[in-house]
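Peer 1: Here's the letter readout for the chains.
Protein chains: 2
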Amino acid sequence: MNNSKNLFYAQSGGATAVINTTACGVIETARQKEEINNVFVGHDGIIGALAEELIDTSLESAETIRQLYHTPGSAFGSCRYKLPPIGQNDEVYQRLFSVFEAHDIHYFLYNGGGDSQDTTNKVSIMSKKLGYPLKCIGLPKTIDNDLMHTDNCPGFGSAAKYIATSIKEAALDVAGMARTSTKVFLMEIMGRNAGWLAAAAGLAAEQDGDAPHIILFPEIAFNEKRFLQRVKEVVQTHGACTIAISEGLRDEHGDLLIKSSSIDAFGHVQLGGIASKVAALIKHNLGYKYHWALPDYLQRAGRHLGSKADVEQAYAIGQAAVEAVIAEKDNIMLAIERTSNSPYQWQVGEVCLNDIANHEKFMPKEFISEDGYHITEACRDYMSPLIAGECIPPFKNGLPVYARLKKQTIPPKLSPFEI
Amino acid sequence: MNNSKNLFYAQSGGATAVINTTACGVIETARQKEEINNVFVGHDGIIGALAEELIDTSLESAETIRQLYHTPGSAFGSCRYKLPPIGQNDEVYQRLFSVFEAHDIHYFLYNGGGDSQDTTNKVSIMSKKLGYPLKCIGLPKTIDNDLMHTDNCPGFGSAAKYIATSIKEAALDVAGMARTSTKVFLMEIMGRNAGWLAAAAGLAAEQDGDAPHIILFPEIAFNEKRFLQRVKEVVQTHGACTIAISEGLRDEHGDLLIKSSSIDAFGHVQLGGIASKVAALIKHNLGYKYHWALPDYLQRAGRHLGSKADVEQAYAIGQAAVEAVIAEKDNIMLAIERTSNSPYQWQVGEVCLNDIANHEKFMPKEFISEDGYHITEACRDYMSPLIAGECIPPFKNGLPVYARLKKQTIPPKLSPFEI
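Note that the protein sequences, when read in sequence, are chains R and B. Sequential numbering from 1451 applies to the first sequence in the numbering used here. Sequential numbering from 1451 applies to the second sequence in the numbering used here.
Derived from the structure by calculation, the hints contain no laboratory data. Be aware that a few hints might be false.
The list makes no distinction among identical chains, and a pair is therefore deemed to hold if it is satisfied within one copy or across any two copies.
[Claimed, not checked] With a straight-line cut-off of 30 Å between C-alpha atoms, the simulated DSBU-like cross-links for lysine-lysine are: (1) K1758 <-> K1579; (2) K1455 <-> K1675; (3) K1846 <-> K1811; (4) K1857 <-> K1682; (5) K1739 <-> K1856; (6) K1739 <-> K1532; (7) K1846 <-> K1455; (8) K1739 <-> K1675; (9) K1846 <-> K1758; (10) K1483 <-> K1856.
Build out the structure end to end from the sequences listed, making use of the hints.
Peer 2: Below you can see the structure in the form of structure tokens.
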């Protein structure tokens, strides 16, 4: 074995259709680098590091790693786990660096959304404080597209493509049935507090009168009376009304219209069910028969509808992260920089992690139409390139073929640690 | 104009991903036949005939008709409308034949499920009773696969492929998150009283331990205690549990576990929401965090995931129907006959309509595993060929391109008729 060091990579937060594409980019690139001995992946994110559960990727064949390119989900396991604030529970960080030291890990790549970038930032700060040499890079990932300082997030484009395609298809179904059956169709869309994914539904409206006819954004306070009036107008004009509704819809007081009682490790409320509530409102007030869909995880796992642009960016982020640590870069998040809109061109850029963590990026006002119910041309110009191109996984026996990893962890060298 | 006659075609009941493929087969084949002058399509099914709203397909370009091959929904409009029983309201039938006579229609093709075959049967019987020369053929279509006397129904294969692919993808997402987040995922599946579509989810379980871990069929009475025990075992063994749940799930008394108050023209209750109820049951009893999805229309409109086998059968049914009326056949439904299982081979057959209407075909016992929670190898052998092969629509700007019909109706010759 040479003097090269080991690289730690982990996946954090909600999965996307392309987070494994980034993992593929990391591992395939690292395998070509003499500076890197092996890539250990945290089993279930940062928890895998703390628990000393390090998946040995050298045991996975080149073919399996290549399959990660088109496999949805978090193939190595992910987590929702928040590291303690700097200055509290330093033993957690001491444990982390003990594990890294025991396994000669000096490169740290963490792949996630806003909360996960906070983790990367903390690890970077504490590595300096505790004097452990570690290069830390954040790799962006979220279907919500709500990360600051990046033009877009890997994961968003494929979810956006899934949503726009699905609502386009379902709306054709509704339109055909409207005379004697369903007149109103609602599709509930993820995105938490940001309307990016709801806006993606708007891409399906390619011509005047096309569905979705109404988009309900979390950024626009829900006005029941005005909304019902609009639904009625749409049904009278087009015979049917298809609505994209964000799970994070809020009333005029800024309160969520619906929430369950479940709260995750980051204090986020588990959303879901708003479409059912608004559907019932329509039925009660206007009498229209309705259907509603809640694609839930299907919209972020739908790799069979992966966007080529998204897949390519996800892979490039993985490649660039390995190049960055080898170049001794530290405490940055990689970002997608748009260098041209027409033709669409992009490159991988860098942002200081201190500027990223725990901020959310909302839809700009100029992306939402004046009446608050649709997207503007500016939004369409921004978003269309992100869903462009298809990148269909291989199929066998009628189903997509996805990677099956061994996920064998290396023997622990330290004593167990309670997380 | 020669002595050829006009053909009436219409779409009825719920849409599928491939009912327009059948329409494409009908129109493209009819255009090659000198016995057929023009194809008129009922605007919104049989209602279009009664209302004398006949779409003139000669105004649609060959390119547009070809696009129907890969366009989901009911492109000409469908309906849920039941003709009166034979012997009651004969004026409805008199009106129908007046419209047909006014437009020289002597071929009647009706494309739908069990209820729609009843319509075709009634039209055939009444045409004899009222002495109007008309050849009537039923064209099968339903995602539910519950039509008798056909090996399978066009529409089922594509919905099945959508369901198996989607649950496979979502289960990968859940598995990756299970340590600190969602442990149970439920996907609610259409199919009414028959478990064919729920069974299709089972195709995703290709290896031992694969999702879905549990399938809840409408044919098997729900036993809460036994079910909860199984969920617990699965989570303990695999870390997460993915469940396919049929909208038509019933308790030990044969009552639906959940239903809304909406009832359609055929007296069918509008289903939906059972996944939410069962999820809450799991949370209450076992404490597991859950997510659930309700794909609703997405599963029957998901043409982007069309099954090649299904698409080819749907087209062949359209072709065969035109050949059948020209051959003076009458009062039959076309059917898919399986002539070989390995390799899978099929042909278009014929069934007398009197044998079809208003019967439902349920899953045979030998297709459901002994514990009632999964499919058997016999089911897999039956179903796998039906989802085989991909038939991806063309994409433009990141979205599938679907047909946009003119849908121009011919000038009415009769006075209006109240439906």
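Peer 1: Confirm or reject each hint.
Peer 2: Do the hints match the structure? See the list:
| no. | hint | result |
| --- | --- | --- |
| 1 | K1758 <-> K1579 | neither (41 Å within a copy, 60 Å between copies) |
| 2 | K1455 <-> K1675 | neither (62 Å within a copy, 53 Å between copies) |
| 3 | K1846 <-> K1811 | between (40 Å within a copy, 29 Å between copies) |
| 4 | K1857 <-> K1682 | between (54 Å within a copy, 24 Å between copies) |
| 5 | K1739 <-> K1856 | between (49 Å within a copy, 26 Å between copies) |
| 6 | K1739 <-> K1532 | between (44 Å within a copy, 18 Å between copies) |
| 7 | K1846 <-> K1455 | neither (39 Å within a copy, 46 Å between copies) |
| 8 | K1739 <-> K1675 | within (19 Å within a copy, 35 Å between copies) |
| 9 | K1846 <-> K1758 | both (21 Å within a copy, 13 Å between copies) |
| 10 | K1483 <-> K1856 | within (23 Å within a copy, 59 Å between copies) |
Of the numbered hints stated above, those contradicted by the structure are hints 1, 2 and 7, listed in ascending order.
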